[in-house]
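Engineer: The chain contents come next:
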Amino acid sequence: MKVEYLTGNYAIAEGAMTAGLKFYAGYPITPSSEIFEYLAKELPKVGGIVVQFEDEIASINAIIGASWAGVKAMTATSGPGFSLMLEGLSLAIMIETPLVIAYVMRTGPSTGIATKSGQYDVMQVRWGAHGNYEIVAYAPWSVQEAYDLTIKSFNVSELLRIPVILLSDATLVHLWERVVMKGPGEVVIVDRKKPKVPKDMYKPYEPDEDLVPPMACFGEGYRVLVESLTHDERGYYKTTNEVQRKLVWRLVNKVRKNKHLVVDSASYFVDDAEYVIVAYGTTARSVYALVKELRSKGVRIGLFRPKSLWPIDDDALVKACSKAKKVFVVENNVGVYVNEVCRFLKNKDVISIPVIDLDIPSPEDILNVMREWL
Amino acid sequence: MSHPLDRYLRTDRLPHIWCPGCGIGIVVSAMLRAIDKHISEGHFSHDDVAVVSGIGCAARATLYLNFDSAHVIHGRAIPFAIGLKLVKPRLKVIVIGGDGDIAAIGGNHLLHAARRNVDLTVIMVNNMIYGMTGGQVAPTTPPTIYTTTTPYGNYEYPINVIKLLSALNTNYVARASITHPHLIERYIYKALSIEGLAFIEVLSTCPEVFGRHLGFKNAVEFFNKLKEMVRPYEKPPIERSDIVWGNEIVIGEYVINNREGFVRSVYKSLNKWCKG
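Residue numbers (this note's numbering), protein chains in the order written: chain W, 1 to 374; chain B, 1 to 276.
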């Protein structure tokens with residue numbers, strides 16, 4: 001264990017190395033580039049490779065290839081780059097490739113303000129790629145949590161053989177904070193399961209009971225077949241309803257049925273709360289300050305903070321809001337994640353509080369919008 | 001009864017999807033003979049071979065090959081293959097695909113793989129058309145030809161990938177043709193033994209779609225026309241690499257360089273960096 005003073009970007013890079021990252025491919029993009037630059041210096045020292053590609057499309061496909069060569073792989077990007085990565089993300093889901101994408105949100109649409117922050121892309125992360133799937137995305141609110149959730153992102157990606165997204169924003173990645181970093185043995189590191197059957201019996205998409213197939217990689221003698229087409233357990237292309245249904249439902253259900261291993265959240269002052277604010281990422285920092293201030297004035301208000309945006313920790317959300325008369329969802333966008341919150345709080349009064357701010361919404365600005373409902 | 005090359009095929013998946021008279025089978029069997037020769041000479045083993053492809057008729061080859069193989073997405077076989085190769089340099093990584101997959105949607109990846117001199121063998125089966133999707137214009141389609149998306153005739157000029165890659169000092173650039181299978185085999189055999197990027201364009205016929213557009217009555221007629229145009233040369237000059245339909249088409253080993261391959265450059269730099 002050691003304590004360092006780091007930015008969010010450096011903490012993500014350090015978290016990735018703690019998790020066992022060995023291959024990074026990327027394309028420069030503000031505000032994520034420091035992850036790339038930091039890893040370019042540090043990753044080779046732990047036996048890893050860092051390569052800059054011609055675009056984000058090549059970057060994501062290269063890390064998919066590296067993951068199939070048997071190592072932990074990642075890339076980092078921001079909105080415009082993630083848009084280019086979506087076809088690769090869909091591929092990674094289909095062929096069940098563990099990898100991590102560190103997505104640092106900036107303003108949009110389009111080029112927006114590259115150096116400034118926002119939370120516009122939480123729905124793109126969930127729905128951007130084609131086909132039906134479940135996605136896993138974590139949203140840290142501090143530099144420490146950026147480090148911790150990066151490790152968790154790798155662990156979940158290896159556990160379920162899925163791409164995982166670590167979703168931060170420009171404000172967090174340029175913030176300097178104290179980080180406690182873990183040494184070997186001080187944190188659980190998960191590696192993908194390997195086949196236990198003889199090589200000629202191995203089927204690359206035959207799942208265990210947890211719906212996750214053991215993963216043989218290239219060069220291990222299994223003659224693996226990576227297949228982007230709809231495939232059966234051998235990886236053979238099939239055009240029947242039976243195979244399509246079985247495959248798509250397994251890809252979805254391996255996340256749904258293992259949800260307890262994925263979801264993460266934090267609740268503050270919710271036990272007696274008449275009002276609960278739901279907020280995530282950097283916006284939750286201002287909300288936390290506001291909640292404490294209102295508490296000091298006698299307002300029974302609490303905060304529910306999803307750390308896993310996708311899927312949301314719905315049991316904890318429902319519990320946190322059980323006594324609430326009103327639930328506010330504060331976001332640094334036009335109010336998008338509120339719909340996900342509403343899905344689980346059908347009989348509650350859920351109010352969207354969108355506050356666009358190029359850094360983070362201030363407690364005052366949030367209160368000004370909320371005041372009429374308090 | 002089994003064929004000596006059956007060990008390299010997932011024979012339970014046959015018959016394949018390629019149309020009668022399609023040239024892709026000639027390319028795949030030449031590739032397997034080249035691989036088999038290396039394996040029998042002890043240069044590498046069956047499990048050291050990996051094949052990566054994108055989407056298209058030629059890319060379907062990976063479905064039938066009994067190697068570690070990946071059938072990924074349209075145009076992206078090369079970046080997938082680079083990630084694979086960098087992590088496991090021991091693997092002989094072959095990318096096979098069509099002209100649309102490799103020169104159009106994947107063109108930028110090809111260009112940068114050549115610039116970096118990545119240690120891959122890239123086989124581009126050039127049938128001058130989008131076959132799988134039903135006969136749309138390709139960046140390799142000769143001018144004035146009818147296609148389903150240029151019903152008035154192709155108004156573009158085709159890309160000459162041989163010339164493009166020669167400008168990037170690629171280590172090995174050759175053009176073969178399905179009319180001369182022994183040369184496909186010879187070039188792929190050579191490609192698999194060199195460092196850096198080896199690119200082989202193989203001219204092929206698509207009798208069902210492109211042949212129909214050109215007015216050929218059957219596959220043999222189309223094949224014979226291609227055979228009539230194609231002429232092999234020893235080390236032909238790059239200026240002779242343009243393809244003008246109806247004129248002589250020059251095949252041969254256009255470029256042989258000896259630049260350091262990407263894998264060696266990367267590992268050398270990183271090792272040096274780590275030693276401070």
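Check each hint, because a few of them may be wrong.
FRET-style restraints, in silico, Cβ to Cβ [as the list claims (entries may be wrong)]:
| # | chain 1 | residue 1 | chain 2 | residue 2 | range |
| --- | --- | --- | --- | --- | --- |
| 1 | W | 131 | B | 193 | 37 to 47 Å |
| 2 | B | 89 | W | 249 | 30 to 40 Å |
| 3 | W | 180 | B | 14 | 57 to 67 Å |
| 4 | B | 269 | W | 185 | 51 to 61 Å |
| 5 | B | 133 | W | 323 | 52 to 62 Å |
| 6 | W | 130 | B | 5 | 46 to 56 Å |
These are computed hints drawn from the structure, not numbers from a lab. These numbers come from a predicted model, not from an experiment. Ideal placement from N, C-alpha and C gives every residue a C-beta, glycine not left out.
Engineer: Now look at each hint and say whether the structure bears it out.
Structural biologist: Each hint, compared with the structure:
no.: 1; hint: W:131 <-> B:193: 37 to 47 Å; result: holds, 41 Å
no.: 2; hint: B:89 <-> W:249: 30 to 40 Å; result: holds, 39 Å
no.: 3; hint: W:180 <-> B:14: 57 to 67 Å; result: holds, 58 Å
no.: 4; hint: B:269 <-> W:185: 51 to 61 Å; result: violated, 32 Å
no.: 5; hint: B:133 <-> W:323: 52 to 62 Å; result: holds, 59 Å
no.: 6; hint: W:130 <-> B:5: 46 to 56 Å; result: violated, 37 Å
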